[in-house]
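Each protein sequence line maps, in turn, to chains L and C.
Our numbering applies: residue 2 is where the first sequence begins, and numbers increase by one.
Our numbering applies: residue 2 is where the second sequence begins, and numbers increase by one.
Be careful, since some hints might not be right.
It does not matter which identical chain is used: a pair holds within one copy or between any two.
Said to hold, decoys possible - The calculated lysine-lysine pairs, modelled on DSSO-like cross-linking and capped at a C-alpha distance of 27 Å, are:
(1) Lys68 x Lys104
(2) Lys104 x Lys140
(3) Lys317 x Lys301
(4) Lys140 x Lys167
(5) Lys317 x Lys160
(6) Lys163 x Lys301
(7) Lys301 x Lys200
(8) Lys140 x Lys8
(9) Lys163 x Lys68
(10) Lys8 x Lys104
(11) Lys219 x Lys160
(12) Lys8 x Lys317
(13) Lys140 x Lys68
If you are wondering where the hints come from, they were derived from the structure by calculation, not from laboratory data.
So the chains spell out like this:
There are 2 protein chains.
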Amino acid sequence: MEKNELKIDELGEFGFIETIKDHCHYSLNRLIQGIGDDCAVIGPYQDRVFLLTTDMLLEDIHFILGKIEPEHLGQKIIAVNLSDIAAMGGTPLHGVISIAIPKSMNVASIHAVYNGMKEMCRRYGLNIIGGDTCASPHKLMVNVALMGEAPEDEVLYRKGAKPGDKIYVTGTLGDSAGGLKLVTEEVSAPESVATILIKAHNLPVPLIETGRTVARSKLASAMIDLSDGLVSDLRHICDASGVGARIFHHSIPISDEIQSLAQMNNLDPYELGLYGGEDYRLLITVPSENCGRFESLLEKDTSCHIYEVGEITMQKGIRMVMADGQEEDLSLRGYDHFIEY
Amino acid sequence: MEKNELKIDELGEFGFIETIKDHCHYSLNRLIQGIGDDCAVIGPYQDRVFLLTTDMLLEDIHFILGKIEPEHLGQKIIAVNLSDIAAMGGTPLHGVISIAIPKSMNVASIHAVYNGMKEMCRRYGLNIIGGDTCASPHKLMVNVALMGEAPEDEVLYRKGAKPGDKIYVTGTLGDSAGGLKLVTEEVSAPESVATILIKAHNLPVPLIETGRTVARSKLASAMIDLSDGLVSDLRHICDASGVGARIFHHSIPISDEIQSLAQMNNLDPYELGLYGGEDYRLLITVPSENCGRFESLLEKDTSCHIYEVGEITMQKGIRMVMADGQEEDLSLRGYDHFIEY
Chain L
2 MEKNELKIDE LGEFGFIETI KDHCHYSLNR LIQGIGDDCA VIGPYQDRVF LLTTDMLLED
62 IHFILGKIEP EHLGQKIIAV NLSDIAAMGG TPLHGVISIA IPKSMNVASI HAVYNGMKEM
122 CRRYGLNIIG GDTCASPHKL MVNVALMGEA PEDEVLYRKG AKPGDKIYVT GTLGDSAGGL
182 KLVTEEVSAP ESVATILIKA HNLPVPLIET GRTVARSKLA SAMIDLSDGL VSDLRHICDA
242 SGVGARIFHH SIPISDEIQS LAQMNNLDPY ELGLYGGEDY RLLITVPSEN CGRFESLLEK
302 DTSCHIYEVG EITMQKGIRM VMADGQEEDL SLRGYDHFIE Y
Chain C
2 MEKNELKIDE LGEFGFIETI KDHCHYSLNR LIQGIGDDCA VIGPYQDRVF LLTTDMLLED
62 IHFILGKIEP EHLGQKIIAV NLSDIAAMGG TPLHGVISIA IPKSMNVASI HAVYNGMKEM
122 CRRYGLNIIG GDTCASPHKL MVNVALMGEA PEDEVLYRKG AKPGDKIYVT GTLGDSAGGL
182 KLVTEEVSAP ESVATILIKA HNLPVPLIET GRTVARSKLA SAMIDLSDGL VSDLRHICDA
242 SGVGARIFHH SIPISDEIQS LAQMNNLDPY ELGLYGGEDY RLLITVPSEN CGRFESLLEK
302 DTSCHIYEVG EITMQKGIRM VMADGQEEDL SLRGYDHFIE Y
């Protein structure tokens, strides 16, 4: 095939991003981190740096109208952006919102989306300071760009992981992916299970306080939020840090709800835990000498429970250690917006 | 009609924005200007402030693929955002780009869009430091959020206009609207005319240097960029400043190309000049005692030519003075994304 006939879904999201990363910086003055982390980092301005991030939610790609309350949709778009600020150890400051609204849409529904956004902003002390409002030819689209801040010496990047560091996650994995399967009616579950998993999918909790606690402690070496799935996001950490990782299969934290869902629908719960996206937990690497203090510190954090799931290795690639000690090389799987698996 | 059945296209863009402006600010710390100007303004950090703005371009709303070169589309999305920085008197620093790409789209076309964006960034010293890349269910969408900076005491807002101030624009008006009519084949023109007008529509020039010159001089009282059309944007200045304005019909600067286009297609060129959007000229109000110095200063600016088009009045509303001295009250017309005229 001719190069200029290559379609975007053949190259994939991360492949595409690699091809556009060059020639993006025209002034290195006060640019600490460009493309390639959860947030860009600029500064310092006195002893602080600013964080910038952007994320959009598209109808029929990220959500289905009628399957999520408009107010929850508003909460979610702010939450997923806040999660990127959390992953750097930052505090949110200001946001600008672009919204493309189908002309036939009810004003009441759009106000409900805004009420959800404002509720989330209120909870996290974030200002909405601008935006762009347009008619959309077909679908609803919401884009948020957030600015946050952090003390210069506390920011956590993807690139700091070192061989021997332990890998922690701040909660169970796969719940959001299970919720998505319920929303799209691929699977079914009793209401008590479905309610919890759909909530995990629709109303992710941005771990701003946890991120700040970790950053302030200076006990961790790297951090990322789990938006694409454990394997995919751990690969981002490994690529940025020039290392590999080993995950322990029996340590992947799976909720009781995902266990039930998997059993009833003949799914592998570990598939959801390893590859399911949108959990918005934090993945944190910690040098082994800091692990005791790190665990004690995080025990006091009532918003999450931490699990050690593996360790960083000198050897590149991501491998999973099974119960029998066998190692399995994890393929290059993970969520990609353009490539389907 | 029940309130909750009201559709967004019945309320209109500006009507809608009015309904969401409340409860957007949760911390007033270092928030100088929220929703309601070309950029939000935060700070000061030492003696500088930061500017934040966002603007999107949607396929089939703002552009038609096949009617604009992908590279020009890339240039335009950066240009329209830069124009908002220019309108505050700022210098651009960093941008984050969200793009929703139809799965079937050629990688070569998307790279051309990025090449256009990067070319514009290179010209204006702007860094691309992050973004979000997604598959789109239907149409191409590009959103840019920009951060700029300015010395705290030089920023120009919409709200500074005073009765007696003269109103200037930095170039001819209606060229972009004429170009749009040619692109959508509503009208026709000889190639020499069409080329110039379509270029005005597809490749607007952000007046960063002019904006800086005006801001640095401290001779102006208010500034806005002409994105929605002269009457509409002047109304933004008047509303923010609590004043009215009088425009002189014979002073509206109309290019030779728009004169030809209008004559050949039986259009009123002043309709295009008054209500046509996307010229991205600057509209500047200047206290009369500063006008001499202001005009001398701007004469040295080779990137634009200034025209005095009217004056700010104590009396609210916008009126047009015709050649015979009669005044005409300009209706509430102007570009609105949801309401068609």
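Hints, one by one, checked against the model:
1. Lys68 x Lys104: both (20 Å within a copy, 23 Å between copies)
2. Lys104 x Lys140: both (9 Å within a copy, 16 Å between copies)
3. Lys317 x Lys301: Result: close neither inside a copy nor across copies, 34 Å intra and 60 Å inter.
4. Lys140 x Lys167: neither (43 Å within a copy, 43 Å between copies)
5. Lys317 x Lys160: For Lys317 and Lys160, only the intra-copy Cα distance (14 Å) is at most 27 Å; the inter-copy one is 58 Å.
6. Lys163 x Lys301: within (26 Å within a copy, 57 Å between copies)
7. Lys301 x Lys200: Within one copy only: 25 Å inside a chain, 61 Å across chains, cut-off 27 Å.
8. Lys140 x Lys8: Both: 23 Å inside a copy, 15 Å across copies.
9. Lys163 x Lys68: Cα proximity of Lys163 and Lys68: none, with 42 Å in one copy and 51 Å across.
10. Lys8 x Lys104: For Lys8 and Lys104, only the inter-copy Cα distance (7 Å) is at most 27 Å; the intra-copy one is 31 Å.
11. Lys219 x Lys160: within (15 Å within a copy, 45 Å between copies)
12. Lys8 x Lys317: neither (30 Å within a copy, 55 Å between copies)
13. Lys140 x Lys68: both (15 Å within a copy, 22 Å between copies)
Consistency note: the structure conflicts with the earlier hints numbered 3, 4, 9 and 12.
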